[in-house]
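Undergrad: As a plain string of letters, each chain reads:
Protein chains: 2
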Amino acid sequence: MAAFSYKISAKDGSARLGQVTTAHGVIDTPAFMPVGTAGTVKAMMPGSVAETGAQIVLGNTYHLMLRPGADRIERLGGLHKFMNWPGPILTDSGGFQVMSLSKLRKMTEDGVTFQSHIDGSKHELTPETSIDIQRKLDADITMQLDECPAHSDDKKLIDTSMQLSLRWAERSKAAFDDRAGYGLFGIVQGGVFDDLREQSAKGLIDIDFHGMAIGGLAVGEPQDVMFNVLEGLMPHMPEDKPRYLMGVGTPEDLVGAVSRGVDMFDCVMPTRSGRTGKAFTRRGSVNIRNARHADDPRPLDEHCKCPACKDYSRAYIHHLVKAQEILGPMLLTWHNVHYYQDLMWWLRKSIGEGTLEEFVQRFHDDKLQGDIEPLLKEK
Amino acid sequence: MAAFSYKISAKDGSARLGQVTTAHGVIDTPAFMPVGTAGTVKAMMPGSVAETGAQIVLGNTYHLMLRPGADRIERLGGLHKFMNWPGPILTDSGGFQVMSLSKLRKMTEDGVTFQSHIDGSKHELTPETSIDIQRKLDADITMQLDECPAHSDDKKLIDTSMQLSLRWAERSKAAFDDRAGYGLFGIVQGGVFDDLREQSAKGLIDIDFHGMAIGGLAVGEPQDVMFNVLEGLMPHMPEDKPRYLMGVGTPEDLVGAVSRGVDMFDCVMPTRSGRTGKAFTRRGSVNIRNARHADDPRPLDEHCKCPACKDYSRAYIHHLVKAQEILGPMLLTWHNVHYYQDLMWWLRKSIGEGTLEEFVQRFHDDKLQGDIEPLLKEK
Chain S
62 MAAFSYKISA KDGSARLGQV TTAHGVIDTP AFMPVGTAGT VKAMMPGSVA
112 ETGAQIVLGN TYHLMLRPGA DRIERLGGLH KFMNWPGPIL TDSGGFQVMS
162 LSKLRKMTED GVTFQSHIDG SKHELTPETS IDIQRKLDAD ITMQLDECPA
212 HSDDKKLIDT SMQLSLRWAE RSKAAFDDRA GYGLFGIVQG GVFDDLREQS
262 AKGLIDIDFH GMAIGGLAVG EPQDVMFNVL EGLMPHMPED KPRYLMGVGT
312 PEDLVGAVSR GVDMFDCVMP TRSGRTGKAF TRRGSVNIRN ARHADDPRPL
362 DEHCKCPACK DYSRAYIHHL VKAQEILGPM LLTWHNVHYY QDLMWWLRKS
412 IGEGTLEEFV QRFHDDKLQG DIEPLLKEK
Chain A
62 MAAFSYKISA KDGSARLGQV TTAHGVIDTP AFMPVGTAGT VKAMMPGSVA
112 ETGAQIVLGN TYHLMLRPGA DRIERLGGLH KFMNWPGPIL TDSGGFQVMS
162 LSKLRKMTED GVTFQSHIDG SKHELTPETS IDIQRKLDAD ITMQLDECPA
212 HSDDKKLIDT SMQLSLRWAE RSKAAFDDRA GYGLFGIVQG GVFDDLREQS
262 AKGLIDIDFH GMAIGGLAVG EPQDVMFNVL EGLMPHMPED KPRYLMGVGT
312 PEDLVGAVSR GVDMFDCVMP TRSGRTGKAF TRRGSVNIRN ARHADDPRPL
362 DEHCKCPACK DYSRAYIHHL VKAQEILGPM LLTWHNVHYY QDLMWWLRKS
412 IGEGTLEEFV QRFHDDKLQG DIEPLLKEK
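Line by line, the protein sequences are chains S and A.
In terms of my numbering, the first sequence opens at residue 62 and continues consecutively.
In terms of my numbering, the second sequence opens at residue 62 and continues consecutively.
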């Protein structure tokens with residue numbers, strides 16, 4: 062088994078073209094990871110996810126530990142086999158969902174205790190148990206447990222939280238069983254404060270992780286604030302480690318963050334939007350529920366090669382969504398994940414060719430055009 | 062364009078192996094038609110439906126006329142193009158759903174008026190409008206409008222209803238635009254009364270349809286009553302027309318009805334069951350929600366070649382259904398439709414080889430075995 066590694070093959074400005082090698086395969090970066098919360102990228106067959114170009118999916122430790130349980134998944138041969146995804150998997154630490162979904166949670170230096178949002182059962186998540194659960198899931202990339210506070214101007218609060226995450230980073234590293242092809246990522250915290258971000262990054266570099274994640278963004282701050290944080294942080298990030306911006310984001314977020322040197326992303330946006338009738342296209346987003354699509358024989362995007370665009374009209378997808386047919390979310394999710402992967406493909410190609418600036422310009426010009434004009438009513 | 066036709070290539074007892082030729086392709090019979098109620102076989106891509114071996118799907122006139130509307134589907138190029146199903150499509154007349162779903166319906170000699178269950182809008186369905194709607198949908202096989210009463214011992218009531226359906230059959234035939242490759246089926250009514258069934262069949266033969274459907278069964282009567290009706294009716298059915306038993310049924314129903322000379326079936330059972338956690342297998346049905354499957358690494362059916370059985374464990378599908386993941390219905394529906402098509406394949410093969418009796422015996426023996434034994438707990 063090859064060692065877990067990251068190699069850069071080209072740079073264009075701050076943007077990097079690279080490859081992450083894991084136990085279950087290679088990930089071309091910059092990469093977007095579709096979210097497979099409970100062991101499934103919602104409304105998609107894993108083969109379809111792979112067809113979009115996705116090389117890695119994300120699993121949520123919080124959801125999987127509660128149902129069906131990490132021990133059960135381990136007994137069944139690990140998450141890859143369980144969910145029929147032979148490629149790389151990254152699992153988060155569970156901390157973020159504990160904060161947003163669980164009940165009666167109690168945070169201490171040791172970790173966090175909480176009640177399941179599913180059945181009220183009591184659980185504990187510490188840096189050590191999180192690592193252990195992710196090992197049972199057989200994650201190629203394991204995330205340290207961290208505390209992820211909401212966007213805040215209270216520097217003392219953010220500092221205290223960041224320091225706790227740093228102590229948890231150390232414990233996570235100590236608990237991680239270093240096996241060939243498996244990697245552990247630390248998470249930079251520090252909110253919108255450049256000096257705290259720098260301090261966090263340096264602490265993680267001392268501990269030495271396989272990759273560096275950037276947490277605590279996309280939690281309510283405006284996009285320019287997020288980009289400023291990235292610009293302040295990047296000079297303090299190691300060049301030879303993959304950089305993963307957690308929970309981000311819109312297509313515009315991805316383009317801006319890649320330009321600033323980020324290599325990996327995950328977000329529920331393409332999948333969740335697909336279940337609410339929203340489609341991402343080169344020319345911006347489309348709410349397919351809108352009545353203007355009811356008679357439109359054209360595809361969501363005539364340039365898109367996904368099955369939803371190749372074989373179906375806006376009128377049909379509009380009908381499916383209005384009629385609450387399962388095929389609606391199936392087609393829209395497929396399209397959205399395809400769109401995100403297509404965007405990453407173009408970003409990688411442009412970095413490799415040294416034409417990222419032109420691509421970014423075209424990307425924004427396309428968005429400015431807005432969606433295609435409605436057809437004239439025939440009668 | 063070839064004419065609509067039905068040809069028998071082999072017989073085994075009363076069972077017939079044949080082919081129906083339509084404007085959009087050939088259907089090998091006996092055939093099971095998956096139900097695509099609102100222009101989609103729920104939770105499946107049309108390509109997947111075809112992969113199971115299905116050659117024809119059914120569309121519901123009632124649902125489609127209300128949403129998205131027959132005129133709209135016609136403007137968009139017909140139902141085949143709309144739903145991306147290039148093969149043959151049969152549409153029902155809408156009558157059955159008017160009775161079971163609509164509000165404030167009023168029946169007269171002319172037809173039936175009703176309010177949509179979706180938005181309360183008023184609509185009328187007569188033999189003529191039903192035929193016209195099905196023409197707009199571009200159905201390869203059009204069904205006459207009939208009245209379908211519930212199972213009843215009241216012979217006078219059933220007689221009156223059957224006579225109305227016969228008058229509607231005549232009007233349907235007059236309204237049908239005979240085009241090459243397109244067929245119109247009449248519907249035999251008469252409840253459980255052999256003489257009424259005979260009278261209905263003779264009336265339809267006089268009118269002359271492309272195929273003969275059998276309605277008013279699978280409406281609450283026991284299976285042996287249904288089989289008795291089929292046995293009483295078959296001597297009065299024309300040999301050279303396909304016979305379609307509407308809304309039937311369980312795998313046992315299909316095997317029994319094919320043995321008695323039925324050629325075509327439709328039923329929501331495989332698709333609807335797939336959305337409630339029920340899987341059909343050679344050894345009977347499996348409720349995948351049951352806790353006994355939570356740790357079971359085995360497929361639903363080790364002999365089944367569908368994606369759900371090839372790539373996923375019972376434990377995983379159990380998890381998906383418990384977690385209300387869309388992939389659960391997707392996999393179970395695929396499996397169930399595959400199972401039904403596989404059963405039809407075996408029936409056709411057995412009729413062709415003259416071994417239907419042996420197959421039916423094996424079919425029942427397999428069912429008697431019951432589902433596979435639960436695994437011993439490992440601890």
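Hints may contain errors.
Where chains are identical, the list cannot tell them apart; a pair therefore holds if satisfied intra-copy or between any two copies.
What the hints assert, rightly or not - Calculated cross-link-like contacts (lysine to any residue; reagent style SDA-like; alpha-carbon spacing at most 25 Å):
#  : residue 1 : residue 2
1  : Lys366    : Val87
2  : Lys183    : Gly281
3  : Lys366    : Asp132
4  : Lys197    : Glu282
5  : Lys167    : Thr98
6  : Lys164    : Glu414
7  : Lys263    : Gly431
8  : Lys216    : Asp89
9  : Lys197    : Arg321
10 : Lys142    : Ser75
11 : Lys339    : Arg133
12 : Lys183    : Lys371
13 : Lys366    : Gly74
14 : Lys371    : Glu112
These are computed hints drawn from the structure, not numbers from a lab.
Since this is a predicted model, take the numbers as computed values, not measurements.
Undergrad: All hints, please: hold or fail.
TA: Against the structure, the hints:
1. Lys366 x Val87: within (24 Å within a copy, 30 Å between copies)
2. Lys183 x Gly281: neither (29 Å within a copy, 48 Å between copies)
3. Lys366 x Asp132: neither (40 Å within a copy, 29 Å between copies)
4. Lys197 x Glu282: neither (35 Å within a copy, 52 Å between copies)
5. Lys167 x Thr98: within (23 Å within a copy, 50 Å between copies)
6. Lys164 x Glu414: So Lys164 and Glu414 fail the 25 Å test inside a copy (50 Å) and across (64 Å) alike.
7. Lys263 x Gly431: neither (43 Å within a copy, 63 Å between copies)
8. Lys216 x Asp89: Result: close neither inside a copy nor across copies, 36 Å intra and 73 Å inter.
9. Lys197 x Arg321: neither (35 Å within a copy, 55 Å between copies)
10. Lys142 x Ser75: neither (37 Å within a copy, 47 Å between copies)
11. Lys339 x Arg133: Result: close only across copies, 23 Å inter versus 35 Å intra.
12. Lys183 x Lys371: neither (48 Å within a copy, 36 Å between copies)
13. Lys366 x Gly74: neither (30 Å within a copy, 51 Å between copies)
14. Lys371 x Glu112: both (14 Å within a copy, 19 Å between copies)
Comparing the model with each numbered hint stated earlier shows that hints 2, 3, 4, 6, 7, 8, 9, 10, 12, 13 do not hold.
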